[in-house]
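Engineer: Chain residues, written in single-letter form:
Number of protein chains: 2
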Amino acid sequence: MGKLKSHSIILAGGSGTRLWPLSREEYPKQFSNLSGSDSLLQTTYKRILHHFGEENISVVVGEKHKFEVNRHLREINIDKGEMIIAEPLARNTAPAILYGTLKLLSEVDDALVFVFPADHVIEDLDSFESAIMNANLLAQDDYIVTFGIKPHFPETGYGYIEGGSLINDNSYSINKFIEKPDEEKANEYMSKGNYFWNGGIFAFKASTIIKQFEIHAPEILEILSGTENMDEQTYSKLPNISFDYAIMEKTDRGAVLPVSFKWSDVGSWKSVFDFLPKENNNNVLEGDIIAKNSKNCLIKGDRRLIVVNGLSDIAVVDTDDAVLISHIDHSSNVKSIVNELKEKGRQESITHNIVNKPWGYYINLNEDHGYKVKKIVVNPGSKLSLQKHEHRSEHWIISKGTAKVINGEDTVIVKEKGAVFIPQQNVHRVENIGDTPLHIIEVQFGDVLEEGDIVRLEDDYGRMSK
Amino acid sequence: MGKLKSHSIILAGGSGTRLWPLSREEYPKQFSNLSGSDSLLQTTYKRILHHFGEENISVVVGEKHKFEVNRHLREINIDKGEMIIAEPLARNTAPAILYGTLKLLSEVDDALVFVFPADHVIEDLDSFESAIMNANLLAQDDYIVTFGIKPHFPETGYGYIEGGSLINDNSYSINKFIEKPDEEKANEYMSKGNYFWNGGIFAFKASTIIKQFEIHAPEILEILSGTENMDEQTYSKLPNISFDYAIMEKTDRGAVLPVSFKWSDVGSWKSVFDFLPKENNNNVLEGDIIAKNSKNCLIKGDRRLIVVNGLSDIAVVDTDDAVLISHIDHSSNVKSIVNELKEKGRQESITHNIVNKPWGYYINLNEDHGYKVKKIVVNPGSKLSLQKHEHRSEHWIISKGTAKVINGEDTVIVKEKGAVFIPQQNVHRVENIGDTPLHIIEVQFGDVLEEGDIVRLEDDYGRMSK
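The listed protein sequences derive, respectively, from chains A and B.
Sequence positions in the first sequence follow numbering that gives the first Met the number 0 and run 0 to 465.
Sequence positions in the second sequence follow numbering that gives the first Met the number 0 and run 0 to 465.
Next comes chain A alone, as it looks inside the complex:
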């Protein structure tokens, strides 16, 4: 059998709120930048790019976040287009991994498939590289390889994998998967050599995994094999089940490959703090920060000045519309706090004040009784949805770039410093016909509800609405 080509699937689904207020329900942590300017998705992509090559990397993501993935990849000069596989609904990893694999098999007979979560962090790329090599060999022999991260400390927040008999000099069969342990157990696992953190990274032969789904989860295989392009209704029939639970815990082909690189699922601000490099006083300081007599703090600024004084073991995360200040050891409570916010219907739990769109983004600048001010930024070549408002009129001031504006019967070109008024009832749209971002200051009158009384003639993707 000839050597199979290696392909990589990045799982970019899931909506995390554990890093609130940086991550929001509509803006999960894979799209956030924990350090520097790259998002976790961008970092994950760059990490594997030179190994697999752009043409062999696909991304599985929920439909509603497809444009966001596109945006992040464009920022690092990757234009995936068809390589982004959109799930009509959010399901768990088992359907996502199989869906991505089946898409691949519609183009090739077989391949070695690597699966990487988009929202984890990894350091020591040499060790990462050699792990991929070793996983490659195991997968060739029809093993389903899961990366077992050698514990850095007795973490109680992760699931563990117990390795069994040696398969070769650097991998074990899998005895069992273990839920998050208590501290005593975690210390025990540390002391033994065959317990590993479950990193959620997998490698397997496509043909192998199809066989395993046939045996252990035929209903998923049946549904996903059905149609070429999934619709919401079909996808909704899929069970919400993880790959570990559906396959790994049941298969006799499982292998755990111990890896020693630095890894974190950055599932809390504490774990973000633990992973990131510190300055002299053991603080992580990101943004416009002035720190006095403070130590062991994670201070993540946004656009405002943050002054901290006399703090220890505190996490501060600032955003445009919400700020979190938490004892860093209690940062795992954030999840439940955000759930409370959702129950209260607080917008701060759902979206940012900055809202990304397929065509660019907008920022809510100000709202007052009867009017609302937004800054709208449209990417070159992009256009907003064609729409009209029953009760809302709008002023647009072109503060940067050149716009083509449909306003009722008229279509006009508006240059920088120009302005246009959109009366109620007028069908309207703005398009960036320049080659630089188009900036618009919009003042809305009347109905200031976000989506209130909008009649869309096309959606944000330029498709005619049904």
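Keep in mind the hints are simulated off the structure, nothing from the lab.
Treat the hints loosely; a few may be bogus.
Straight line, CA to CA, 25 angstroms or less: simulated DSS-like cross-link-like pairs of lysine-lysine [what the hints assert, rightly or not]:
| hint | chain 1 | residue 1 | chain 2 | residue 2 |
| --- | --- | --- | --- | --- |
| 1 | A | Lys414 | B | Lys387 |
| 2 | A | Lys414 | B | Lys416 |
| 3 | A | Lys343 | B | Lys294 |
| 4 | B | Lys343 | A | Lys294 |
| 5 | B | Lys334 | A | Lys294 |
For chain A, the structure is supplied; the task is to place chain B on it using the hints.
Structural biologist: Leaving out everything else, chain B in the frame of chain A:
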């Protein structure tokens, strides 16, 4: 001798930065609201209003803050007009008190004068009332009365006054003024009955104080007696000296009146916390706050959501452009931190993102390369300075109210939802001719420096520029 009329002088000068970021160099703490909606100035005024009556209360303040005092008093339906005495420059309390007294003596032969700082807090108004009565009697007998606050605890942050022999059954002569003591001393003063906090509240007969200035500070009296309306040049000759130092420490007419009401100079966030009422977990929570597992915290929000989790003894003060997070026991460091900010030329140390003007206020909403967005709110009947820009053009969108706009040769009335473009070089001004606040969204192009390239034909007070 017939009973003299009582008059009150509120000292509203001084630029405090110890309550940064709420207070700024250009926005001292007397203009801030520590709790509820009233500023300290408004609270101070209301506290004495029913006792002295509006016609017998004057306010001494620096020229640049005269409009701000007016604004705060208008908000509580007081229109002082001539009763606001503007110092051309900031000097210390000795010149301010004498200047206010001389203004008074230009209208009456003599009076009983009470002096109250605008930026302190007081509780227990009955006790405050009776203290005024007692001070009144002492002042009638030519004493210069200073209120001595009975220490609530061994505070090391205040100056103390040592009482001497009894003048009557409720007041002492003054042995000496004592600088901020160490903890041991402070405890000693607590245990004795004749040591008091120096509250900076005074009462005296106008004629008495003039005599005392003749004796102890004739140069101040001479300069201030010179001209009816002070100019900057004359005022700059005055020494920067406190009333305590110039008069109280030297005079033989001094008396200290022990008072038992709750008082604080709110000179640090710690002292603000100590003074304000607490909720069940001993937190002070102001604004849109969600507090979990937190105690002994002062959380002061602005317009954003603040979530605190697992905090103890922390002060959080949020504003539009800066946030402070400090261990509450170290909050006295804020002063030095703000001084550093000033040295770095940080705007956050000088002004707020919301800038008050004689005609209303504006908020900086957004700034980007080449343009700047402001929200301008003009009070009914007010107008901005008549001006023109060499290199800046502006769009104005009238988002609320009705504006009269001078734009080059034209004068136009612009109603709500209307817009007007001000080209470079055009002399322009906007005036609120309605009886509700006028809201304008301004987009500036070209020079986006705050006061860059403005040519003012009139100043903010509508006076022709020299």
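Engineer: Indicate, hint by hint, whether the structure satisfies it.
Structural biologist: Consistency of the hints with the structure:
1. Proposed proximity of Lys414 of chain A and Lys387 of chain B is supported: the alpha carbons are some 24 angstroms apart, at most 25 angstroms.
2. As the CA atoms of Lys414 of chain A and Lys416 of chain B are separated by approximately 21 angstroms, the hinted pair is consistent with the 25 angstroms bound.
3. Our distance criterion of 25 angstroms between C-alpha atoms is met by Lys343 of chain A and Lys294 of chain B, whose separation comes to about 23 angstroms.
4. A C-alpha spacing of about 23 angstroms is found between Lys343 of chain B and Lys294 of chain A, which places the hinted pair at or below 25 angstroms, so the restraint holds.
5. Under the criterion of a C-alpha separation no larger than 25 angstroms, the hint pairing Lys334 of chain B with Lys294 of chain A is consistent with the structure, at around 21 angstroms.
In this structure, none of the earlier numbered hints is contradicted; all agree with it.
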